[in-house]
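Engineer: Since chain A is already given, all that's left is putting chain B on it; use the hints.
From first to last, the protein sequence lines stand for chains A and B. In case it helps, my numbering puts the first sequence at residues 1 to 284. In case it helps, my numbering puts the second sequence at residues 1 to 377.
You may find that some hints are simply not true.
[What the hints assert, rightly or not] Take a look, some chain A residues computed to stay more than 12 Å from chain B by CB distance:
| id | residue |
| --- | --- |
| 1 | V19 |
| 2 | E77 |
| 3 | E86 |
| 4 | D205 |
| 5 | L255 |
| 6 | E264 |
| 7 | L276 |
[Stated by the list, open to error] Short, incomplete list of chain B residues facing chain A, as computed with Cβ under 7 Å:
| id | residue |
| --- | --- |
| 8 | L6 |
| 9 | T153 |
| 10 | R289 |
| 11 | L293 |
| 12 | G294 |
| 13 | L297 |
Calculated directly from the structure, the hints in this document are not laboratory data. All C-beta atoms in this analysis are idealised placements derived from N, C-alpha and C, irrespective of residue type, glycine included.
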Amino acid sequence: MSEKAVELIQVSKIYEAAVPVKALDEVNLVVERGEFVAVMGPSGSGKTTLLYMIGCMDKPTRGRVLIDGVDVGGLSEKMLAKIRAEKVGFVFQLFNLIPTLNCLENVELPMHIRGRVSGREARARAVRLLEMVGLGDRLSHRPAQLSGGERQRVAIARALANEPTLILADEPTGNLDSRTGREIIDMMGEINETTGQTVIVVTHDSAVARMAGRIVQMRDGRILSEVELLGADQGRASSLEELNKLRREVMMLDLLRSTMDEREYYRRLEVLQSKLRNLEERPD
Amino acid sequence: MIRIVLKMILKDFTTRRARTLLTVLGVAIGIATMVTLGSISGGTALQLQQSFSEMADFMVSPSKGFAMGNRMDEFYLEYIRMYPEVRAASAYLGGMMFVDGEISLVVGAEEEIFSVISVEVDRGRLLNWSNKEMILGFAAARELGVDVGSEVTLSSGSGRDGETFSVVGILQRTGSFFDSYVFIPLDYMQDMTGYYGQVSFVLVELTSPGLADSFKERVESSLPGLEVMSPASLMKSIDKILSFVNGVLFAISGVSLLVGGTSVAATMMTSVVERTREIGILKALGATRMRILGIFLLQSFLLCLFGGVLGIYLSLSITPIIEKKVSEAAGFTFQAIFSPKLVLGALMLSELIGFISGILPAWSAAKVQPVEALRYE
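Extracted from the complex, chain A is given alone in its bound form:
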């Protein structure tokens, strides 16, 4: 499968100010479907602008942005909102949960905004998403009552609510300690690996970047280099951790089933099942 999930052609973004700021300078980038891409670079290098451009939050000053082959430059505000609701799941550095709503409501919210499922279905799916990220016992907690890592897991559950095909994360580990950050990035890796979702992560964190299949380096609004990585770095986990991970992945695959065709779903399910069988045969 080598469809282009995202394609940027000669994209520039200039912010009008007393001295105009060139946040993106003729950027060209292709992200294939199912890729895990890390965008790195110093502050002000344009990586967040790039992410928002891909997420249809902003329009380029020049150039073309294609999402699933559709040029979003010519789309109306309403259509852009529709793409954000249907195709994109955002994860932010500052979590950006709505403080007045509890976990369940925060995860339900995108489904209500999209308006495709009934209230009851939205609630049921939100419960399952929160169970999947390990917060099944925190449904009615408000964000302020959770730790940073837990908040980010709620944010991941929320990002997956509308079964997007594109997960965009802006410094998802930036406000977390390294261990919690690792958990979060592992989870994003799992999403990518298990369900074939395209994941683009903007980060400073080289540990995060090691998870990716490709690292895009940016500076001054330009892409400096792109590095392909072979095989993600994965330490050996204990059987129990492995088992929990596999269970989560089965759930994840099921929750995002509609983003793939039947054959692909069963192929991925088969992979997980064989991993489970291997684990059972492992003698520890």
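Structural biologist: Frame of chain A, contents of chain B only:
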């Protein structure tokens, strides 16, 4: 969606409790002003209408006009009674007097008055017109705390000696001015006021309504200085005055509503600024401009709905006090009217304010750029 949006809005209200209360109060005061003035003017109009519909077909009065101080000679009454068009006629001499120390409108009249005006005795009997007897309107009796058989002292001034009258009858409740009136025989009224041989006007009932023009012409040609008026035509000119007064009253309440609306707009603007980040999040999750606009308009609607309901409640609790004060001052029972139309109109008006004051803040919320909103601290 609506459940979650409502929760977000209500949470915004409760976290900014003082601000919300003050804003709601601002709207409430405007609505209360409007509803109170509306109910008072509605009550006045209805009372006038009822009074005039119960009154005689025609009134013959001095042509200087219909006013408390104008009087005419009693002997005209004899002429008027002789006209062929007239079925019944009664003199009417009104004045403010102290009835058991309470100031009231007292009417000196003759037997015929109760066939000319359509009010009947509820308890007791009609006056024996040569005795010192008295009939009271329904409300006058209730306020003085007297009933058939009571003795009542009547005096023309607070310092003067009174004369004692016995109450022989109480009139039916009519909802008009007559409820507050006290009726005594004309002769005693003339004695007590010193207007010997004079009356305020003459009330006339015709044998047929078709004779109105010929009656009017006959009076005005043969009895110079007199004027014939029908309560219906009087009502028309009073209606004109009333609608002018109403216009002024509504302009006053309009100003206070304007102030209320401005405070709603200010509150909404602040709320939009405070929740910029939240708007950014909603947009990132795929909310359209219209959706954001709707959320903030709903918030503004709710603020004004609370204001409207509170305003109506305030008005309902203030109005009885006003009714009491006006009744005391004017000497007749005054009743405000809360018609469903008025209450519904007030609610609709408060929602209109919600829309007008909310549209600009809501639009500025809808226009928020998601990228900038998410950077907003």
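Engineer: So, for every hint listed, does it hold in this structure?
Structural biologist: Consistency of the hints with the structure:
1. Even its closest Cβ contact with chain B, about 18 Å, leaves V19 (chain A) beyond 12 Å, as expected for a residue assigned away from the interface.
2. Not every Cβ of chain B is farther than 12 Å from the Cβ of E77 (chain A); the closest lies at roughly 6 Å, contradicting the non-interface assignment.
3. With a least CB separation of 7 Å from chain B, E86 (chain A) falls inside the 12 Å interface cut-off, contrary to its annotation.
4. With a least beta-carbon separation of about 20 Å from chain B, D205 (chain A) lies farther than 12 Å from that chain, consistent with its non-interface assignment.
5. In this structure L255 (chain A) is separated from chain B by more than 12 Å, as the shortest Cβ-Cβ distance comes to about 17 Å.
6. For E264 (chain A), the condition that its CB be more than 12 Å from all CB atoms of chain B holds, with the nearest at approximately 25 Å.
7. The Cβ of L276 (chain A) sits about 34 Å from the closest Cβ of chain B, beyond the 12 Å cut-off, so the non-interface label holds.
8. Using the Cβ-Cβ criterion of 7 Å, the hint placing L6 (chain B) at the interface with chain A is not satisfied: the shortest such distance is roughly 11 Å.
9. The restraint placing T153 (chain B) at the interface with chain A is violated, with a minimum CB-CB distance near 70 Å, outside the 7 Å limit.
10. Below 7 Å, beta-carbon pairs count as interface contacts, and R289 (chain B) has one with chain A at about 6 Å; its hint therefore holds.
11. Taking 7 Å as the C-beta contact cut-off toward chain A, the hint placing L293 (chain B) at the interface is violated, the least distance being around 12 Å.
12. Here the hint on G294 (chain B) is broken, as its CB sits about 12 Å from the closest CB of chain A, past 7 Å.
13. Using the Cβ-Cβ criterion of 7 Å, the hint placing L297 (chain B) at the interface with chain A is not satisfied: the shortest such distance is roughly 17 Å.
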